[in-house]
Every structure is written in structure tokens, then in C-alpha cells.
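On the provided structure of chain A, position chain B with the ligands as indicated by the hints.
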Amino acid sequence: MLKRTGIACSEDIERARPDETRRKQGPVAWIECFREIPCDPCHDACRVGAIEEFSDINDLPCIDHEACTGCGLCVAACPGLAIFVIDETHSETQALLALPHEFTPLPDAGDEVVLMTRSGQEAGYGRVHRVQAPRAFDRTAVIWVIIPQDLVEQVRAIKPLHQVIDEEGGEKQ
Amino acid sequence: MIWMRECEVAVVGGGPAGLSAALEASTLGAEVVVLDRDDGPGGQLIKQTHRFFGSRAQHAGVRGIDIPDILTEEATEQGVEMIFGAEVAGYYPDGVLTFKKDQKWCKLRPERVIFCTGASERFLAFPGSDLPGVYGAGAVQTLMNVHGVRPGQRVLMVGAGNIGLIVSYQLLQAGVDVVAIVEAAFDIGGYAVHASKVRRLGVPIMTRHTVTRAHGQQQVEGATLMQLDEDWDPVEGTEQYVDCEAICLAVGLNPLAELMWQAGCSMAWIPQLGGYVPICDEDLQTTVEGVYVAGDASGVEEASSAMMEGRLAGLGCAHSLDRVDSDRYRQRREELLHELAALRSGPTGAKIREGLQKMQQAQPLRQVLVEGSDC
Ligand SMILES: Cc1cc2nc3c(=O)[nH]c(=O)nc-3n(C[C@H](O)[C@H](O)[C@H](O)COP(=O)(O)OP(=O)(O)OC[C@H]3O[C@@H](n4cnc5c(N)ncnc54)[C@H](O)[C@@H]3O)c2cc1C
Ligand code: SF4
Ligand code: SF4
Numbered sequence: 001m002l003k004r005t006g007i008a009c010s011e012d013i014e015r016a017r018p019d020e021t022r023r024k025q026g027p028v029a030w031i032e033c034f035r036e037i038p039c040d041p042c043h044d045a046c047r048v049g050a051i052e053e054f055s056d057i058n059d060l061p062c063i064d065h066e067a068c069t070g071c072g073l074c075v076a077a078c079p080g081l082a083i084f085v086i087d088e089t090h091s092e093t094q095a096l097l098a099l100p101h102e103f104t105p106l107p108d109a110g111d112e113v114v115l116m117t118r119s120g121q122e123a124g125y126g127r128v129h130r131v132q133a134p135r136a137f138d139r140t141a142v143i144w145v146i147i148p149q150d151l152v153e154q155v156r157a158i159k160p161l162h163q164v165i166d167e168e169g170g171e172k173q
Numbered sequence: 174m175i176w177m178r179e180c181e182v183a184v185v186g187g188g189p190a191g192l193s194a195a196l197e198a199s200t201l202g203a204e205v206v207v208l209d210r211d212d213g214p215g216g217q218l219i220k221q222t223h224r225f226f227g228s229r230a231q232h233a234g235v236r237g238i239d240i241p242d243i244l245t246e247e248a249t250e251q252g253v254e255m256i257f258g259a260e261v262a263g264y265y266p267d268g269v270l271t272f273k274k275d276q277k278w279c280k281l282r283p284e285r286v287i288f289c290t291g292a293s294e295r296f297l298a299f300p301g302s303d304l305p306g307v308y309g310a311g312a313v314q315t316l317m318n319v320h321g322v323r324p325g326q327r328v329l330m331v332g333a334g335n336i337g338l339i340v341s342y343q344l345l346q347a348g349v350d351v352v353a354i355v356e357a358a359f360d361i362g363g364y365a366v367h368a369s370k371v372r373r374l375g376v377p378i379m380t381r382h383t384v385t386r387a388h389g390q391q392q393v394e395g396a397t398l399m400q401l402d403e404d405w406d407p408v409e410g411t412e413q414y415v416d417c418e419a420i421c422l423a424v425g426l427n428p429l430a431e432l433m434w435q436a437g438c439s440m441a442w443i444p445q446l447g448g449y450v451p452i453c454d455e456d457l458q459t460t461v462e463g464v465y466v467a468g469d470a471s472g473v474e475e476a477s478s479a480m481m482e483g484r485l486a487g488l489g490c491a492h493s494l495d496r497v498d499s500d501r502y503r504q505r506r507e508e509l510l511h512e513l514a515a516l517r518s519g520p521t522g523a524k525i526r527e528g529l530q531k532m533q534q535a536q537p538l539r540q541v542l543v544e545g546s547d548c
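Top line first, the protein sequences correspond to chains A and B. The first sequence begins at 1 in this note's numbering and counts up one residue at a time. The second sequence begins at 174 in this note's numbering and counts up one residue at a time.
Okay, chain A solo, but in the shape it has when bound:
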């Protein structure tokens, strides 16, 4: 349960999941911000106005998936690192997942990375498709990773391989 473990449950995810038709049309944002907190930068970040203006700053964000273009700007702007963009049209078996990443050194396009689930379990490998880290993103990079279609609801973080090797190889300083 989210408030005991930090892991969102299926009812929570249900709320974030865009509908089937929209998911088949290309990249779209999944906003996984499930508890009310005083916060609203996601609204300001969206250029097409897909994220509704907050009447009360404590409201949960409300997104119009039809209006969302899947650009990923809100992914970098969300201080809760709670927004992901998923493109399930990438290929028959693979999807593209855009996630916020604040670990250096950044991976490069083409790098293999370990996929991590919401509960921090390793779920195989993915490949970095694109890295977006312009100045405007202020040190939160958006990494587009190619992942298996059947993992789009599970994977929410990556560990670049160099980081994994450091941990296992015992590079202690």
C-alpha cells in the first residue's frame, strides 16, 4: 500500500492509466501523483494546456489525455518525479518509456540499462533510445528507454549498467 510501502497499488495505477484507444495512438503522459500535496508546476509546464489549472494547490493533477501530445516537458518539471510518458506504438513488442533521471553520469543513447519496477525489483534490461537534458530541464534528464510491451505498467526507474557494476564490483571510495 502506498502509504505503508511507497508502492502504488492497482487502484492508484488505474487512475493514472490513459484509456486503451488513446494508448494505441502514441506517446501519452501517465501522472502518478496519487496523494494531495501543495504543488502545481506540472500545470505550468504543459504548453498545450493538457494539465488543468489547479483551483486549489492541494488538488490532484487532472490531465486531458486527448490533448496530451506526449512531449515529456512535464516529466522534467515535476518535483515529485511522478510523471512518465509511455509510447506503446514503438513496435509490436516494445514500448518507449520516458522517465525522469537525476543520476550522473547520464547514460547515452544505445546504452543498456537495468529496468527497475515500482518496488525496486530488477526486471531485465532495456536500451536507451534518447536522452534529453537541455538547460531548461535544470538537471532532471528525461531518458527515453525501450522496454518490453508487457512491462509498461511495472517499470518506473533505470539503473545504468556502470552504476550496477560499481555496486557489485565494490568500487569503494
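It is worth saying that the hints were derived from the structure and are not from the lab. None of these values were measured; they are calculated from a predicted model. It cannot be assumed that every hint is accurate.
Claimed, not checked - 35 angstroms max Cα-Cα, derived DSBU-like pairs, lysine-lysine: (1) A/3 <-> A/159; (2) B/531 <-> A/3; (3) A/3 <-> A/24; (4) A/159 <-> A/24; (5) A/3 <-> B/280.
Showing chain B with the ligands alone in chain A's frame:
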């Protein structure tokens, strides 16, 4: 040589509350001096490498470390004088502040004073808690984010409030392994989004657990964790040993209120606000005329609300010095109170709202003590 001078408004503490107070008062034309014992402005913000919540008025989305620069630049433009390396040690009945600067004791007599001294960390006592390697979360943040030093390669975090969760994330960013986050309460106290972001990087969050012992000869080498029962007592047989080089305590903060005790402000014990706090009105004026408080010193909360409180206190001072006409004062005050209320209106503000309500009903402690000693 004793240095003594006067000024209109003295602000003690140059964190988000103090800088905002100085900015508001000086913008309205008051002469302001900020005193801070640190070497530069920012208070807690200089360690907060994460992006802040709140709305645009409170610099939401900006990283904590970048906010002091924004505020300092504006304050400097407004002619605020800032004296760093200046530890305020006393506030005397004649309204004189004493501070130590370059090994000298200096004096300042302000017409108004705003205490924005922040808060100090709580500690937890358990066998072994005096071993080197047991740190407060603030110390760990200072080591990592100010000095670039890791506290150890494997760290156990105690406390799953926002501070525990955020410092855990920052430890991961520094390449440190966080073995677990233990939390005595039933639920994670911090924001769910912060919990999720450390959880998905593989850090277990163990609610209803505590640390019962730190192991090691010269320094921390490990810790025993135990589950807690309904009465918050450790359950026999649930001992679990974890290997770690450091234990980081993030178990809460207490307002730093010594100077306000000294000033003779009426104080109240309000657990929801972190402990003893001065009783104050909506302008953040304490029960001593001309003495104001803002930020964590008035109740442990957030930088976003600290900035709004600082603004209110600065405005109140400027108004009492006749620097702002009543209409403008009322309008600005409404604006700020509205923003503050909005920040506190959601479920995360419930504790603060309860605390503030208690403050309204609080028996001024000093008076109670004095009355008690009469009979
Ligand atoms: C890990 C962590 C994460 C946080 N994350 C967030 C967040 O995401 N969003 C948010 O809004 N808030 C956050 N906060 C809270 C925020 O940092 C504090 O609420 C805020 O800094 C309080 O501001 P302040 O000005 O009251 O006190 P402080 O920032 O503590 O500043 C107090 C200043 O007073 C000075 N001082 C104290 N005593 C004296 C004296 N006797 N003489 C001279 N100077 C003195 C100190 O040197 C210090 O500079 C976080 C806090 C922590 C620890
Ligand atoms: S992905 Fe782009 S279009 Fe969609 S909500 Fe986020 S910012 Fe708006
Ligand atoms: S910016 Fe992120 S954390 Fe803030 S309200 Fe939007 S989704 Fe939630």
C-alpha cells in the same frame, strides 16, 4: 572595541524566512540588517538539491539550492545589509542584540526584530547511539551537499518523513547504498511521491520498525532493527541485523526559540509545531511589542510557508514603522495570508492547522509560570 549601532529592523537568521522578511520590509522602505551565523545566506536551503513543491510564488520547481541566490540578489538591490559569521547570543530587555563577529562581541539596537532562527534536529537515544557514525540528517546533508563527503558507503536511515526520504534519495545520488528506511509510525510521514522515488530504486521502507542498537567498537558497523507492537514496544524475536557504516537520524525538528525566551515572549508547548513556540498574531508579532518571528522558529513547516511568514513579518514591521499606508498594508496582508492558507489547506497541512488552532487557545506559559510562583 565594542561595536554598537542602531537600525530599524534586525532580522536574525538568513534562511528563506529571514531573507523574505528582509526583502519585504526593505522594499517598503525600512532599513534592514540581517545577521546570520553561517558564512552565507540560505539556511537549510543550501543543502536542498531537490526541486521544491509549492506554487510559482514560492519558487516551486526550483531547486532549494538556487533559491537563496534569487532572494539575496533582490535583497541586495533593495539595500539590505547582511552580516554573516555573526552568531546572535543575546537579546536584552533594553532591546539590544549581542552578536559575535570575528571574535568580537558587537551590539545592535533595532527598533524591530524578526527572529528567523529555524529549527534544530532531534536525536534518538539507543544503545550505541553515541558511536561515531550516528548522524543527524542535517549533518549528513551538510557533509554531502556542502562539502562533497560521503558519510559512509552503507547507510541506515531512521525516519520516513520528507527529510528522511529526501536525504535517502540524495545519498543514492551520491552513490551511497541506503540499506533501509525504518519508520516507527504506521504510515510513511513524507509525501508519497518522495517515498515512491526511493522505493523504485530498491530502498526498502519498513514502517512499524525502529533501530534498537548500533553495533561496533570504534564506529558504527551495523544495527539491530526490531518491529514495534501496538504499544510501540519492540516485539521480542523480530531482531534483524543490518550491516551499515552509518546511521542517519531524521526524527524531527524543534524550533530554535532560545532568543525568544530571552526576549520574554510568551511561549506555548505545541507538539504539532515542533515544541515550544512563541505565541504570535497573524502579523507574526509575538507577545512582546516589536518582536516578530517567522519560519521554522515559529513552528516547523516548509520553506514555502517560511517565505510567506517572513513576508508577513516584514510587512508587519514596515507597517508599524509607518512605511506603508493602511490600504496597501491590508491588501498585501490579505494576499499573503491567502497564499499561506492555500499552502496549508490540504491533508499535508492538517498538523499545522491543528497546531495553529492550539496556539490561538494557548495559555501563555510565561504568565502561568509567573502566576504559579506568586503563591
Ligand atoms: C532534507 C530537507 C528537505 C526539505 N525539503 C523541503 C521542500 O521540498 N520544500 C520546502 O518548502 N521545504 C523543505 N524543507 C524545509 C525547509 O528547508 C525549512 O522549512 C526552511 O529552511 C525553514 O526556513 P527558516 O528560514 O525558518 O530556517 P532555516 O532555513 O533553518 O534558517 C535559519 C537561519 O538562522 C540562522 N541562525 C539560527 N540561530 C542563529 C543565531 N543565534 N544567530 C545567527 N544566526 C542564527 C542559521 O544559521 C540559518 O541560516 C526541507 C528541509 C530538510 C531538512
Ligand atoms: S507530456 Fe507534454 S503535452 Fe502531455 S501533459 Fe506533459 S507537457 Fe503536456
Ligand atoms: S508537479 Fe508532479 S508532484 Fe506536483 S502536482 Fe504535478 S504531478 Fe504532482
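These are the hints, each one checked on the structure:
1. A/3 <-> A/159: Holds. Residue 3 of chain A to residue 159 of chain A sits at ~25 angstroms (cutoff 35 angstroms).
2. B/531 <-> A/3: Holds, at about 27 angstroms.
3. A/3 <-> A/24: Given that 35 angstroms is the threshold and the Cα spacing comes to 32 angstroms, the pair holds.
4. A/159 <-> A/24: holds, 28 angstroms
5. A/3 <-> B/280: violated, 50 angstroms
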